[in-house]
Structures are given as C-alpha cells and as structure tokens.
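Q: Chain U is fixed; fit chain Z onto it per the hints.
Okay, here's what each chain looks like letter by letter:
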Amino acid sequence: MTNGPTAAVELRGLVKRFGVHEVLSDINLQIMPGETVCILGPSGSGKSTLLRCINWLERPDEGLVFLHGTHVGYHFTASGSVPMTDRELAMLRTRIGMVFQHFNLWPHLTVLQNVIESPVHVLGRPRAEVVAEAERLLEKVGLVDKRDVYPAFLSGGQMQRVAIARALAMRPEVLLFDEPTSALDPELVGEVLAVMRDIAQIGLTMIVVTHEMEFAREAADRIVFLDKGRIVEVATADAFFEHPATERSRQFLERYR
Amino acid sequence: MNVRLDVLWHQLPQFAIGLGNTVWLCTVSTVLSLLLGALLMVPLMSRNKAMRGAAQALIDAGRCIPFLLLTYLVYFALPSLGVTVDKWSAALITLVGYNTAYMAEILRAGWVHLPVGQTDAAHAFGYTGWKLFRRIILPQVLIAVGPVIGNQLIQLIKDSAFLSIITVPELTFAANYVQSYYFVPFESFLFATLLYWALCGVVEWLVRRGEAYASIVRPLHD
Numbered sequence: 001m002t003n004g005p006t007a008a009v010e011l012r013g014l015v016k017r018f019g020v021h022e023v024l025s026d027i028n029l030q031i032m033p034g035e036t037v038c039i040l041g042p043s044g045s046g047k048s049t050l051l052r053c054i055n056w057l058e059r060p061d062e063g064l065v066f067l068h069g070t071h072v073g074y075h076f077t078a079s080g081s082v083p084m085t086d087r088e089l090a091m092l093r094t095r096i097g098m099v100f101q102h103f104n105l106w107p108h109l110t111v112l113q114n115v116i117e118s119p120v121h122v123l124g125r126p127r128a129e130v131v132a133e134a135e136r137l138l139e140k141v142g143l144v145d146k147r148d149v150y151p152a153f154l155s156g157g158q159m160q161r162v163a164i165a166r167a168l169a170m171r172p173e174v175l176l177f178d179e180p181t182s183a184l185d186p187e188l189v190g191e192v193l194a195v196m197r198d199i200a201q202i203g204l205t206m207i208v209v210t211h212e213m214e215f216a217r218e219a220a221d222r223i224v225f226l227d228k229g230r231i232v233e234v235a236t237a238d239a240f241f242e243h244p245a246t247e248r249s250r251q252f253l254e255r256y257r
Numbered sequence: 001m002n003v004r005l006d007v008l009w010h011q012l013p014q015f016a017i018g019l020g021n022t023v024w025l026c027t028v029s030t031v032l033s034l035l036l037g038a039l040l041m042v043p044l045m046s047r048n049k050a051m052r053g054a055a056q057a058l059i060d061a062g063r064c065i066p067f068l069l070l071t072y073l074v075y076f077a078l079p080s081l082g083v084t085v086d087k088w089s090a091a092l093i094t095l096v097g098y099n100t101a102y103m104a105e106i107l108r109a110g111w112v113h114l115p116v117g118q119t120d121a122a123h124a125f126g127y128t129g130w131k132l133f134r135r136i137i138l139p140q141v142l143i144a145v146g147p148v149i150g151n152q153l154i155q156l157i158k159d160s161a162f163l164s165i166i167t168v169p170e171l172t173f174a175a176n177y178v179q180s181y182y183f184v185p186f187e188s189f190l191f192a193t194l195l196y197w198a199l200c201g202v203v204e205w206l207v208r209r210g211e212a213y214a215s216i217v218r219p220l221h222d
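As given, the protein sequences belong to chains U and Z, one line each in that order. Just so we're aligned: 102 in the working numbering is position 102 of the first sequence, and the numbers increase by one with no gaps anywhere. Just so we're aligned: 206 in the working numbering is position 206 of the second sequence, and the numbers increase by one with no gaps anywhere.
Pulled out of the complex, with its shape left as it was, chain Z reads as follows:
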C-alpha cells in the first residue's frame, strides 16, 4: 500500500481548520454548560419539591437522548416549528444543551459529598443563599469534581464528531472531506484519530495538573 503522506502534508490547513473548530466549539460549550449546570444547581438542590422535580426532569431529558438525535432535532426538526438555526448555532445549542445536563449531575454529586461541616461553618459565619453557593460551596465542588469534568470534556470532544453530519467543518468533517476528495481514507481518518488522541491527551494532562492543585485544597477532615 502506498501511503500518501504528501496529500496529508498539502491538506494540513484543512485539518488545522477542522481541529481549530473542534477545539473552540468544545471549549466554549464546556464553559457554557458548566455555567448553566451551576445555575441548575439552585433549583436542583432547592427545598421546594416541585422546583427540584422540574430541574431533575430537564436534566434526565438531556441525559437520556442520543447526542446524534438531539443534533437532528435541533437542526432538522426545529425548522418545522418555524425556528431556523444555522449550523453553528445548532452545533452550540446541541453541545451546550446536552452537556449542561451532565454537568449539573456531576456538580450535584460533588455538592452532596461536601462535608456538612463546611456549610455549617458558612451558616454560622452569616452566609446564606447565592453568596454561600458562590463563595463556599461552588469552589469546593469544582475542585472535587475536576477530574470528572475532564472526563466529560473528553466525551464532549468525541460527540462533537457527530456535528460533521450537519456539515459543521470540525475535525471529522475535515478528515471526511480530504479522504473523499483525494481518495485517501486510511491516511485521512488515521490522522484525524491521532489528532483526537492528542487533544484528549492535552485534557488528561490538564486534569493531572489540576489534581496536583486539588490535593492541596481538598478537605482532609470530616
């Protein structure tokens, strides 16, 4: 078999654009879904049972739909309701919506395992409501669940490949374009795979760096 590295070499810009789009789509949607997930904590941990139920239902709905199907719904089904979105908006809506459900679930697990003494102390010092959440609970929860969020980010990077189906020019789309144009499926798909591995390697590395920090600032007692 004749491996066409020269084609890959000449098509590097295509891959670079694809990789770049994958990176920014995943970064932006991770940040947004973390923010929205954190906001969802408020009804999810509320004392009001109806509020809790509604938030839980929303999260379950998000978690229990295949990513590809959600993409179809947003891009192809919404226009039937008169809502038309371009492919970029559809990509972001899908990535953010899908991952918000997971992030909320991850953050909730971290909150539930926070030592009771932490909120006790915060209450005793006059913290309540949003300030208690933002200054005492959320930082500790984020530190505790950092590695799980890293895992979720890897999942998100892989799921983003489905966006090639709605012609978002991300990495898988680029690989598919190059292979079909130059008839180099082996080279093109293998190269894309290597790039996904590298991307996930970077995430893993960041998680390990974060872990080293977390071991310093994680509760040891209680």
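Pulled out of the complex, with its shape left as it was, chain U reads as follows:
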C-alpha cells in the first residue's frame, strides 16, 4: 500500500482479456476520495471495461482492485486468496454506484420505485426514510413531479437523471458513470451534465467514462487517457488539455478542437 490517505479506488496491475484479445494491460491507478476523474480515449480503448472491473461486473484476469483499502473480488488469508461469493460481491457493489449508458432503469417500476428499490430491498433501510430521501434526490435532479411515472414516459435525459438519483440513493462511496450522455439526443446532454457537475461539487468520488471534452475539462480534477487498453497519460485536466504530454494524447485532442 501507499503512504498517506487511502485511495477511494485503487487498481493494481489490472489485466482483462476477452478470449485472446487483451483489452486492458497492466492498469495502475489511484483515485483519491472526493476526486472527479474522467477516463478519455478512443472507442474500443477499454474505458468501459476498466470501469466495469472496478465493481467486478467484469472479472479482471489479473491484478487487484481496492475500494477504500478493501480487496474487491478476493479474500486474502494466510493460505492464499479465495474468490468472494456472489453475496459478498453484491454487498461490496452496494458501496459503488453506477450510471449506465442506456440508463437501465427498471421498466416495471415507477420513477420513485426505481430510486427506493435497492436501498429498501438490498440495504434493508426503512422505507419511509428512503422515500423522503428519494424525494429530495428527485428534487435535486429536477424530476420530483415525475415520481409516479413509468420510465417509458420519460425522455432519455430524464431517464438518465432518474438513474443518477437511483445511484445516489444508495449513498455510494464512489460513483461510476459509463458514457452517461452517449445515448442521448444532443439537446438532452446538457441537463444530465448539469446534474453531474452538481454532484462533483458536493465532493463525491466520481469516475466518468465520457466523450464530452467540455465537461471533462471543467469538472474533472484529473484525466486518465486510455489507448489500446493501456494508460497513456494521467494528468490534471488543465495540464492534459493545455499541454498534453504524449503524441497520442495530442492526436486524440486534435479531433475535438
């Protein structure tokens, strides 16, 4: 372990293969509590896979994942490592929020039911308390008037804002965003990014895979630039956008100017 404060998320020597294809190679990364980190990179560079390895939706083939110093995926004992059971993994995942590209709201539940579902049925928190908190969160994302509506009646931007409220209702230690605006019509992107900026400001640790350069530049503390499954550059947002350190980063940024 490193000295100083414990990282919110640490990846050490992470490798992920799909068949013979290595999609992530030797990923080492520390994300500190309260940081907003944007993961940038061309399509197919492994950004989403990296994110999904953090909460073990994808099982890394090699390497370690830590959440606030706790191993994710394995127990380490004197006699070696034991894979976690599904139940143990599930309990760890409740500490990590996730927002998906295609929202993945549960269509059989109303907006409010989507938000309270997991806090009540997974965490076992009292329903009344969770409903009150859910209403505050829906207010925060500007959708309290939609609380009893089914997802099918919402626009993409509204669905994604509900999905963010749903993730926040779990009171996660870390919030993962997997291309949260990539499936949205251009005119709906702004409302979702606005909500994400608000969250970044309250100091929740956020890891955001995105193609929104403007957002990354304004909201991110640091940028992780990924290409062909490798971390090419890690830098503060200012440094990355003003003085990219590698030729590959420069090429990538060219296309967005």
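It should be emphasised that the hints constitute simulated quantities derived from the structure, not laboratory data. Hints are all accurate, no fakes.
Pair by pair, the computed Cβ-Cβ distance ranges are:
(1) U:152 with Z:190: 39 to 49 Å
(2) Z:68 with U:91: 48 to 58 Å
(3) U:33 with Z:52: 40 to 50 Å
(4) U:34 with Z:113: 34 to 44 Å
(5) Z:56 with U:251: 51 to 61 Å
(6) U:79 with Z:51: 25 to 35 Å
(7) U:139 with Z:197: 47 to 57 Å
(8) U:124 with Z:85: 43 to 53 Å
(9) U:6 with Z:49: 38 to 48 Å
Just a sample of chain U residues kept apart from chain Z, beta carbon distances all over 10 Å, derived:
(10) 7
(11) 33
(12) 35
(13) 44
(14) 188
(15) 191
(16) 199
(17) 202
(18) 250
Here are a few chain U residues that sit away from chain Z, every Cβ distance over 12 Å (derived from the structure):
(19) 6
(20) 78
(21) 126
(22) 253
Glycine included, every Cβ here is placed at the ideal spot set by N, Cα and C.
A: Chain Z in isolation, oriented as in the chain U frame:
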C-alpha cells in the same frame, strides 16, 4: 329439426356446474403451474450443467406426452404402483404437471430475451440470487410473456375437456351427460361449444387488458 331449447333451459344447472368446475380447475392449475414453472427457472437457468440438463429433461418429458395419455397414466396406471388418486386429484395433477412444462419453457424464453442491461444494473446495485430473480427478473418476464401465457391458458381450457374421460364433471362431461340423457346431442354440444368460446373470449379480453398495461412497463431501450 326440432331444436329443444327447453331441455337446455331446464339443464342449465348441469352446464353451470360443469362450467364452474372447468373454470376453477383451469384457474387453479394455471396459477400452480406458473408458480412451479417459475421455480423450475432456477435449475433451468443455473450455471450448473447437470442441474440444467435435469430440468430440461423434466420439461421435455412433460411437453412431449399427449395430454390424454398423461391423464390415463395418472388415473389408471398409478394405482398399479400402489398410488391411488381420486379423479379430482388426478385432474389437478395432470393439468398442473402438463402445464408446468409449458410455463417453464415460456418463462425461459422471456428471460433469455430480457435486455442484459437489466441484470447488469441489478448486479451493480447489489442484487443476487433469489432476490434478483423475484424483484427484477420475474416481474419483467411475466409482463413480457403475458400474451403467451394467455394462449397457454386457452390451450389448457381445451385440454381440460379430456378430463371428462375420467368422469371429472367439467363442462364437456356435463354436455355429454345432458345429450345422452335427453337425446339432444346438437343442442347440448353446440351450447358447450358456445360456453368454451365465451370462456376463451374472456381470456382474450384479459390478455388485451394486460397488453395495454404491459406497453407502459415494458423495456423500450437496449
């Protein structure tokens, strides 16, 4: 030809009893076979290959036996093994056993077509095992396959006519009784047919009502 509506009129109680028995037998066995079919999902979608194989074999066995033959087996063949069942139990065992196989198959098809994102999200929020199945997967599967279950219910209603052979007093049995006692085959069988049509009409209507609801709560994306 002299149509004897008066006989039908006087024998209405017979038909009412028959219809009533058909309705409750079919309702109870639909509910039970849906429950058992849902339980069968667990081994059927299991990661364990032997478990999956066993569940599949059981389902295929149920689906690939003629309903009438299964009725004979339960009512006439089981006593040879020392297991005696009365006609009502035999009726329920046959209806439930036969339909559980179909329900499991229907539910499995619905589950396979559930968008991957739905279980992804559930896993990410800490769902696993039975809770994942009951709260996230099963409701969506039931909504998706509602019309197919309605179809299966119609099939079940028609199959239940075979139970008259083991003297279960359901609708076909009642019609047969009335026609043979009063020599009114035309009136009696036609009336029973109309009642079956009406029954299936009710099921169709329920399915359409369900469809209107399902169009609201079915996944639109992915």
